[in-house]
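For chain B, the structure is supplied; the task is to place chain V with the ligands on it using the hints.
Given next are the chains, with one letter for each unit.
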Amino acid sequence: MLLEVAGLDLRYGATHAVKGVSLTVGEGEIVTVLGANGAGKSSLLKAIAGAEKPTGGTIQFNGRDITGRGASQRVRDGLVLVPEGRQIFVSLSVEENLLMGAYTRSGAEVARDAEEIFDRFPNLEARRHAPASVLSGGEQQMLAVGRALLARPKLMMLDEPSLGLSPIVVDQLFDLIAELNAQGLSILLVEQNTQMALEVASRGYVLELGALRAEGTAEELAADASLVEAYLGNAEDAA
Amino acid sequence: MLIVQQVLNGLMLGGIYVAVAVAFTLTIGILNFLNFTIPTLFMLAGMIGWSVSFYGLPFGMSEPLGWIPSLAIGILCAIVASLIVERFTYRYFKAKHGDATEHAIPLVSSLGFLLIFEYMILIAHGSDPRGFHTPFGDLNWRVAGLVISIPQVVGLIVSLAIVAGLSVLLARSKLGRALRATAEKPDTAVLMGVEVNRIVPIVFIMTGLLCGLAGALFAVNYGEVSPFMGEQVGTKAIAGMVLGGLGSVWGAVAGGLIVGLTETFSIYFFGATSAQVTIWGLLLVILLIRPKGLFGHNAIGKGKF
Ligand SMILES: Nc1ncnc2c1ncn2[C@@H]1O[C@H](COP(=O)(O)OP(=O)(O)OP(=O)(O)O)[C@@H](O)[C@H]1O
Ligand SMILES: [Mg+2]
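Residue numbers (full-length UniProt numbering), protein chains in the order written: chain B, 1 to 239; chain V, 1 to 305.
Bound conformation, chain B alone:
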């Protein structure tokens, strides 16, 4: 397994956001984590990325225990998070945003990789030197993904990437996720767009109030309509 999370626990003071969650992501897999607002999905991803300190449990990545490693070391290890709400640096240019993704790297390869991202996203290339604030929501999401790719990840975690995007852009985004996966990138995808997530993922987990309520193949989860009703709320509303 590329990622193995065991019994992960996270508290913010009195709030118990993640309650003993265990999950795995295999090499080359797309795995999704589903759950309603406040279920603890973002907290889980932040703990895996090293941005929040878990109060219990272990995280193994690429065969090594990374529970005690800092966020920056995890990026170097190839574990990156595309955060909820994209979190583009609006005071930086489009190109500078991309280069921030390569903060842990150096050398001539970085510039070459940035050109590759620009080839992939001509819209970004066209506004390369403009402040990132001029980009549309969809373009900002592409920039956030491009920025994460510049770290040369083995596993990319995406936190609700489809949030607030138009249906056409959501389709493009899921195509991109599938394409990156086909090129060998493993993906842990948090979504409230249950249907789309289960289409692209091979396995999934359902989180409710911080605890795992269900897990299975994407087909199993998709077939279990009661599950969607009970734990995810109205997926259409959420998206």
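By construction, these hints were calculated from the structure, which means they are not laboratory data.
There are no misleading hints in this set.
Covered stretches of chain B (in silico footprint by chain V; criterion: 3 or more residues with CB under 8 Å from a CB of chain V, positions within the stretch not fixed): (1) 59-72; (2) 81-94; (3) 98-105.
Even glycine gets a Cβ: it sits at the ideal position worked out from N, Cα and C.
Leaving out everything else, chain V with the ligands in the frame of chain B:
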């Protein structure tokens, strides 16, 4: 000619304010933190630079040359003091409470450090200003009826060169990019692999360097130091920073020079006691017309640590 002479004097004085104003604007722009210790760093460099020279020149050096290591020691002390402030105000509260700037604590404790450092120097040297004759004091260049002090010109050039260097560093280097990203969204910068605890001290080193340099220049150019020398310069530098626009490095440069010119002309026309009234009056008028200052912008300093 007298007017041209005043312009020159104003710019030289402004050069000192520029360095201190840039120090203020960097900590506000990048860390969202009004660092009250800045005036003390200025004072420390001046007082320590002078006292090393006064009580015994280092390495048995003789007068003119000996001032250079003395001032270097003064500047170094300002940088070390700045790092102490980072460690015990900023980092401490960030580690303990997750967010340093949401609380008034760093603000208040930096004010505490201002007084502690000031009174430590006061205990050591007494409160009287120390006037002295600097060996460079007579190095003047006389052209067309103007007296141009060479150390002051050198000081202004060094001050502007350091600010220009810092501004290029911020705009073009990887470190500068990371500092700007951290200023805007520290949580996201962490996800890129930025180690905020390593990057924040760099801002404090820059602060110490700028204030130390300004304090050293002030000491050699005006031949007088006192434990309170930082307060006057500090308030005028704040006026310069606000005039130029919070968080803008070139705004602080313009603001610092404008304050220097205003002060010199105010003294020339209305007498020595008029300067504060004129400077702060001008600031209020400019803020009424342009609330963001001359070069102010919105995008930075919104991030939380
Ligand atoms: N920094 C924080 N401090 C305190 N409580 C927090 C913090 N972040 C999240 N929480 C709480 O932890 C719980 C889980 O939040 P989290 O953001 O992980 O949920 P989520 O599943 O990502 O929700 P959403 O779908 O709205 O993004 C919520 O009750 C939330 O209020
Ligand atoms: Mg979330």
